[in-house]
Amino acid sequence: MHEMGIAMEIIEIASQSIPEALKGAKVHSVRLKIGKLTAVVAESLRFCFDIVSRDTPLNGAVLRIEETPVVARCHECAGEWTLEGPFFSCPACGGGKLTLISGRELDIEAIEIEDEDDAHANGGK
Amino acid sequence: MEIKVVRKVLSVNEKMAEENRRLFSQKGVYVINVMSSPGSGKTALLERTLADISKTIPCAVIVGDICTTHDADRLARCGVPVSQINTDAFGGECHLAAHVVEKAAQEMDLAGIRLLFVENVGNLVCPAEFDIGEDSRVVVMSVTEGEDKPLKYPVMFRTCHAAVINKSDLLPHLDYDLDQARANILNIHPEMPVFTLSAKTGEGMTPWLEWLRARIEEKSSGTTG
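Going line by line, the protein sequences match chains A and B.
Per the working numbering: the first sequence = residues 1 to 125.
Per the working numbering: the second sequence = residues 1001 to 1225.
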């Protein structure tokens, strides 16, 4: 539902990140890191991105999504574990106070742009 | 050629939320973001809560809905300032974002207000991802929904600070397994306070009201964790 707004934010940030010298170059892909414990559905995000990226410098770019696992650290015993299901108690000591080390990411990591060498290579085909 | 970006996708919202948090703190206002699926009784809970707590603590409410002012009209009858946000003016959004709350807060006179409730749009998915600058997040579920709501919406239950199980007056008429519902909440968030109550009859309201008062006290004495 909110994937449309998230897609628009991605386009905004990615567009701003294109260096001045490469304005107008084709963006091949946007690399994202999305935690498993986020309310973001990758397929919906791709669908929305394809629609809202039209007429922007991101037109035709693909989203390369790395899904990060939910990893927690227990406050009691300092143990770390990867959660496979919705059970947030420490498997070692049963403690309920924890810090999530990973799993809540919704980050844009990088964009991949066609540079001059790529352009020549493509032109030569 | 790869260009590093490394930014949070929602960084604009998060920055605005931090700004809201700073402004609310400056004014000495404790802000609670109330979320639930549609029909769990957020508005009824706030009506019952305000009837008690606003006698001693000056309160205000921001209400988010996609359409209509029904909830705002109900809450205004509690005699507290109410600001209505219709998200369809912002593209029919399914959640309140920080900039929308900022605009609503600007339109209210918050002088002297110590407790501000933000009734989010009825939805257990999207509002979980959007910080609005609140101090606490509360999720409301009701006994007419499935006991497994927390397991289906872990992000919401994980990011909240307290849970309310509403409509307890209906328990005698339902097969609802209250122990299972509580266990499901605690699986997602083991230390979370859970308040089982009926906003309709007032049964079970006291612990919830005490929790609210304690949070406000904590903040005003500067011991908020």
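Simulated from the structure, these hints should not be mistaken for laboratory data.
A couple of the hints might just be wrong.
[To be verified] Label-pair distances were calculated between CB atoms; the ranges are: (1) B:T1068 with A:I51: 26 to 32 Å; (2) A:D55 with B:P1172: 18 to 24 Å; (3) B:D1148 with A:V41: 51 to 57 Å; (4) B:E1210 with A:G94: 23 to 29 Å.
Beta carbons are placed, not taken as given, at the ideal position from N, Cα and C, and that holds for glycine.
### Task
Just pull the numbers of the violated hints for me, sorted ascending.
2, 3
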